[in-house]
Amino acid sequence: MCDTASPNQFVKKLDDYIDSLTNKKENLIGVLHYAQEIYGYLPNNVQWHIAQKLDIPSAMVYGVVSFYSFFTMIPRGEHVVNVCTGTACFVRGAEKLKEELENQLKIKAGETTPDNLFTLETLRCVGACGLAPVMIVDGEVHGRMHEPQAINEVLAKYRPES
Amino acid sequence: MDIQLTINDISLTVPEGMSILDAARTINIDIPTLCYLKLNEMHYNNNIASCRVCVVEIEGRRNLASSCSTPVASGMVVKTDSLRAIQARRAMVELLLSDHPKSCLTCAKNQDCDLQSLASELGVRHISYEGEESEFEIDRSSSSIVRDPNKCIRCRRCETMCNEVQTVGVYSAVGRGFETVVKTAFDLPLSQTACTFCGQCIAVCPTGALTELDQVDKVWKALNDPNQFVVVQTAPAVRVALGEEFDLEPGTIVTGKMVAALRRLGFDRVFDTDFAADLTIMEEATELVHRIKHGGRLPLLTSCCPAWVKFFEHQFPDLLDIPSTCKSPHEMLGVLIKSYYARTLGIDPKTITVVSVMPCVAKKYEAARPELAQGSETADVDIVITTRELARMVREASIHFDHLKDQEFDHPLGESTGASVIFGATGGVLEAALRTAYEVITGETLEKVEFEVLRGMDGLKEAVIPIAGRDYRAAVIHGLGNARKVLEKIQAGESNYDVIEIMACPGGCIGGGGQPYHHGNLDILTDRAGALYREDRNKPLRKSHENPAIIGLYKDFLGEPYGERAHKLLHTSYVGRKKI
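Line by line, the protein sequences give chains L and W. With the working numbering, the residue at position 148 of the first sequence is 148, and numbering never jumps. Count along the second sequence from 1, then add 1000; that gives the number in the working numbering.
Incorrect hints may have been included.
Here are the simulated lysine-lysine pairs, BS3-like style, with alpha carbons at most 27 Å apart [as the list claims (entries may be wrong)]:
(1) K1038/W / K25/L
(2) K53/L / K25/L
(3) K24/L / K1578/W
(4) K1568/W / K1293/W
(5) K1579/W / K24/L
Part of the chain L face toward chain W, derived, beta carbon under 8 Å [as the list claims (entries may be wrong)]:
(6) N44
(7) W48
(8) P57
(9) S58
(10) Y62
(11) G63
(12) S66
By construction, these hints were calculated from the structure, which means they are not laboratory data. All figures in this text were calculated on a predicted structure; none of them were measured in a lab. All residues carry an ideal CB built from backbone N, CA and C; glycine is no exception.
With the rest of the complex left out, here is chain W:
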């Protein structure tokens, strides 16, 4: 049934059940919001009406109403811009600011903060309220996420993300009244919880309460150390998002400018994680064939995503034998730089610093995992920075990013195919694997390399792909909540998949927790994915096993895919962890 109402003297008709906020937006009347956040693509709806910033006046009602949570009613007369509503909104923000650190100039979220933008938008020029300020300890326990509860405005966006979308449940509102704040169970440091460090809480936090652990200075220090040979690698998803930090349109491909910027920053070699993505395909496809041949346990689950890895270690410790043992691509490249490449150059691996630029904050945690240093004497990867941190370095060095001339990655670990670049979007790993698996198994050329059925933003995509008389049942999942549902089926023996790709973040790595902030606009993710598929089409080679540098690597150094040396360097193991 449709409802007729009036907003700011404009008469409109909207479906029953719609909120006043959404109704106003249909006629281009915007009402400011703060705690409210709805991300349809990932079934995320934080609608707890706690901040009261979106209040409006409704004729005949004594109190102002929060427009995000009040449904429209027949004949309703709403004023969104009355003096009373405007003053109330400003008062709400002043009250929030009265218990908020006034350190905007040095805050990691400076100029990316929703609270800051709102205060500016509402014309807050002074804070009329003085009083007690919260004092909480800052949690720097993890290698990925810094939690500063002093900057928390109790919007609970992180809690909704962690509990309902990712089903990890690390956060809860704790305490009551003024003392309420979002915390972990028993105030445990984040490093001692089941947090997967996916960083989706950071992606939705409107303030600086949740940020990545900043490693920029560590990179500067390495770059300025004359005794260190500093090698950088960049993940597929970074090249289609970094431009946004420099006001380029979402979906702009900046691969060449990014490489040029990295050289200008002083890196000795600029390599591409895409190379290692091609390598992952070789190893993982061989592992799958091996399991099928030798009656190993199926389905094979991809293991490129460290947040997903930590998720199953905590939530499904009984299934540790089904994920692929492949290290994630940047870890593979890290270990190769310190073994294969160090040998080529004839330098001591200890003098090499490997820096990964990732769309991800979980990769920071991953690089610090103790078992990921088995192939060399030092860690495979020394420092991980996010897309956002790289943008900061470029700004700190006063590089005019959009004026840079395109440059190419260094050889040989910068060579890649179109199959590897699509790793950055959900479905990409599986698509790349199928391109190789088909040709390796059948010995025939795959004419149509695009698997459209595996692309797009659906939480679970399924396909049955016949190769050489056998049907391969494949699934693609993004978002940990979606993964949980499928894992429960596997646990109960109700699944018959052969292979499943799983990524923790919505959209895959393009929606990673270390990417430029989307501020609620997930269309950006579709633009980034589109850019990756364009990049794939533009590559002369589009199948991982055709990468000449990969062929050379196996010939000169690794031996057989999934062989002894590959096992030692490129594969890893998992541990069961407690659910807390």
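If we strip away everything but chain L, and leave its shape as in the complex, we get:
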């Protein structure tokens, strides 16, 4: 998710993208998507920068970022762990799965581990109801996550080898 480029290169990349747009003001959401892809999240200074480039009030940018749950203003870890809380997963123990992940990662949903390795989030149905309950790590779906041991094994795959 995170680029290895320096912040200056991030700004250049973002500015080039904005400059390539014909209708800048109308493309706020697209620009925010792009910025989040580069930075991993949308800190205040990036939002302010976008507001200046698009010549719109920064309060408006902040309003849009705060409205859509896709956008985040908190830095995200290297790996994003999502728990599906859709109906099928809910019925088959999504809540227990979430609690187990919170236990093992020692963070609450919405937070990031102090070593910046994992961010834990929840989302709605990913269409893998047959495998409920599921967790998704960096887009990869892991099904039937009932046992703490199985959960631990999935997480281990993303930890750097020591």
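Given chain L, put chain W in place with the hints provided.
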């Protein structure tokens, strides 16, 4: 094309595209509203249909419709007063109240609150819904505006005003669902944003979510301090609006009663900001002549309005050299009270408290600007209260305002001409400046002192005025959105004006953010402006340079207009600020 429909069994024909609400109003059927607000004179239209208070029943439709946002249709049958509509409206208000502090008795907006009036009008006697209540921090960071998001009903009137009319864009709806509230960018305190403190958000806020920073107690304290000599000054626009607070007709001139009330409150001297308005004309007209003579940058922009000053500091930091360097009139009077007048009386300026009564909340912020204390050891002006706050003091002192006998301002800083009183209406500063500029430049008497072309509510008024063989290109602007358009032209080098008057508020200071609430009726502004022009006609002297007290001030104390001492005391500088 015209549309025929029926509202409450009355058949009517209205133009296509009209809302049900407006159609009903053409036949005197009123539908209660809350978030909806349309102010044609300033192109303000808050029509987001968020409160659902104006719902009506339409035959053949399953759901109730918000009448503010639903256009009429041919053959439509509307019921505005059905049991279902009435109950739904009451339920809406109950839901709003379920997440609203129940502190009406101590709220600054008590008896001036649209939500409160609506609850009373709709007969809300209990709140059937109990549940979570929002908890937000109150923003008291600025010297002008207090923001209490707990009282926000998400009508977004402030946001529409700030974004679309003033183009400052400080507010936005933030978050979603129950947590949504109108906030600043990144939850910054208002003092750290590009807010100009024009206070137009306060003027349209239906509740107590936005109010002025209350300084009444500070004034009471000064008045009761035996070691303080407390001097008050009143802006031109206050005298034509204060009466409204005491149920007098809009446009009633209450200058004499206001002076009497201020004496009764205990002020040691009652001076008139109008005096300093005459002084501003002397300084600004001389500055203009100086710039033309020495090839200085044009146009000269007026600098009486602190909200406008803060606007260009944030939005056009590259144009800081074109506004006039004149301080605003009340700041000029403040510094003169603490220098010239203190010397006359032989008292220490530190024992003088200067209180300004202004139609404005930005003047509160302005008085706290650090550079506005250069001429004296203390700030030029110590406390600023609004027209509304003065009315409160009069009520707190149990003064029967309408029974007061007229009194006169104190001498010499209470003397003024008709030119200064029209400062309160858009176009007034320029008109006053032209009266003086004409006579100073030509040495001839100006017979017709009224410049009708500069009066009225148009957002941009232009005139070419020939004086001594040179055409002076002048413009008058009110509303910051209108100002932005012209400033962008100046930036692009596409403007050829010589002088521009700019005021942040619609109508000028008569429509200021500290004036009695208009509750959506802008006809009041026209009445107030009419009163100012009447006051001008009633004055024996109508040109600033004829004010004998001004002539005396230059002779005894200041020296030349735009001279060294005038520069030190009456002029200021500006700083570039960040756009956020």
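Now for the hints, and whether the structure bears them out:
Straight-line distance between C-alpha atoms of K1038/W and K25/L comes to about 26 Å, which keeps the hinted pair within the 27 Å bound. For the proposed pair K53/L and K25/L, the alpha carbon gap of about 9 Å is at most 27 Å, so the pair holds. A hinted pair counts as satisfied when its Cα atoms are at most 27 Å apart, and K24/L with K1578/W qualifies at roughly 21 Å. A threshold of 27 Å between alpha carbons decides the hint, and for K1568/W with K1293/W the separation of about 22 Å falls inside it, so the pair holds.
Between K1579/W and K24/L the CA atoms are separated by roughly 19 Å; this keeps the pair inside 27 Å, and the hint holds. At about 5 Å, the closest approach between the beta carbon of N44/L and any beta carbon in chain W falls short of 8 Å, and the interface hint on this residue holds. Among the interface hints, the one on W48/L holds; its C-beta lies about 6 Å from the nearest C-beta in chain W, closer than the 8 Å criterion. For P57/L, the suggested interface contact is upheld, since its CB lies about 3 Å from the closest CB of chain W, less than 8 Å.
Interface hint status for S58/L: upheld, as the beta-carbon distance to the closest one in chain W is roughly 4 Å, under 8 Å. Of the supplied interface hints, the one on Y62/L holds, with its beta-carbon coming within about 5 Å of a beta-carbon of chain W, less than 8 Å. For G63/L, the interface hint holds, since its Cβ comes within 8 Å of a Cβ in chain W; the closest pair sits about 3 Å apart. For S66/L, the interface hint holds, the least distance from its beta-carbon to any beta-carbon of chain W being 5 Å, beneath 8 Å.
Of the hints listed earlier, there is not a single one the structure fails to meet.
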